[in-house]
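**Student:** So the sequences go chain by chain: F and Y.
Going by the working numbering, 4 is the number at position 4 of the first sequence; the sequence numbering is gapless.
Going by the working numbering, 45 is the number at position 45 of the second sequence; the sequence numbering is gapless.
Because the hints were derived from the structure by calculation, they are not lab data.
Just to be clear, a hint being listed does not mean it is correct.
[What the hints assert, rightly or not] Cut-off 16 Å, straight-line C-alpha distance, at most; resulting in silico cross-link-like pairs (EDC-like, lysine to aspartate or glutamate): (1) Y/K55 - Y/E92; (2) F/K13 - Y/E92; (3) Y/K26 - F/E32; (4) F/K13 - Y/E95; (5) Y/K55 - Y/E95.
[To be verified] Reference listing, derived: stretches of chain Y covered by chain F, where coverage requires no fewer than 3 residues with Cβ under 8 Å from a Cβ of chain F: (6) 20-31; (7) 39-53; (8) 100-108; (9) 134-143.
By construction, the Cβ of each residue, glycine as well, lies at the ideal position given by its N, Cα and C atoms.
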Amino acid sequence: MSKNNKPFRFRGKYLLLVVMASYLVLLVVNQEAAMAAMLKSAGVAAKILPIITAVIIFTAVLNYFLQPEQVVKHLGKKSGLKAWIWALIAGILSHGPMYLWYPTLEDLRHHGMRAV
Amino acid sequence: MKQKNVTNGTDGASPQRPSFIKVLKKSAMSFAAMAPMLAGIIALVGLFQVLVTPKMLTSLFHGNLLLDTLTGTIAGAIAVGSPIVSYLLGGELLEQGVSLFAVTAFVLSWVTLGFIQLPAEIEVFGRHFTAWRNILAVLFTIIIAALTPLTLQLLS
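With the hints as extra help, turn the sequences into a complete structure.
**Tutor:** Rendered as structure tokens:
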């Protein structure tokens, strides 16, 4: 069973606040640029949303079928070259921006995947 | 002697695993926790795409091979967008006479580095891991940027 029972907390609140403050400053200095940036961000969000959904389902499938012992066996400290090959294949096949995969990688690390 | 039948209290059944819906909910919650971080990064992407224009990036290159390779690395790390955009921009830079060393560095650092995603990387993987991964990515970007055109020259 997973021992990953962390209490729920929002992450990156301060980053969001800083970015919102930057937008406010830009809105005062150059309203046109601020509006264009907001439109660009909305476009990025719309593009990323289906990828996030796919990554959530993929993470759930991984967590459902891959028990922590199997993660340790294939991607853990003693898995040698095999872990590198799995990581390389997954990296080549993965789609979307790098930061979308951070929660999945964090989950795998909690289940025993090694960092290097 | 009779053999002991150890069933671990489950009568031989496989260990109970949580339902898929429960696992899916947990997975969705870990992404929900990251929502402010993702929203911050997406908002930053929009900001950078407006403030750092392709024209601005092109003007950074001056024809010095070493300096342009370093500029390519830094510009690629600052710029944001999907890798396809970096190929298009890289093609434009090549057409404008920027060296293949600099363009290779630009495309590589676009994919492997990212200033705006640093806060998320630190939050999830820690400062130590993030620092070393990025330092090594810069080093190898420069090495590969030097080796790619040289290899092409050797092969032609």
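**Student:** Now look at each hint and say whether the structure bears it out.
**Tutor:** Here is what the structure says about each hint:
| no. | hint | result |
| --- | --- | --- |
| 1 | Y/K55 - Y/E92 | holds, 10 Å |
| 2 | F/K13 - Y/E92 | violated, 38 Å |
| 3 | Y/K26 - F/E32 | violated, 40 Å |
| 4 | F/K13 - Y/E95 | violated, 42 Å |
| 5 | Y/K55 - Y/E95 | holds, 13 Å |
| 6 | 20-31 | holds (count 9) |
| 7 | 39-53 | holds (count 12) |
| 8 | 100-108 | violated (count 0) |
| 9 | 134-143 | violated (count 0) |
Hints 2, 3, 4, 8, 9, counting from the list given before, are not met by this structure.
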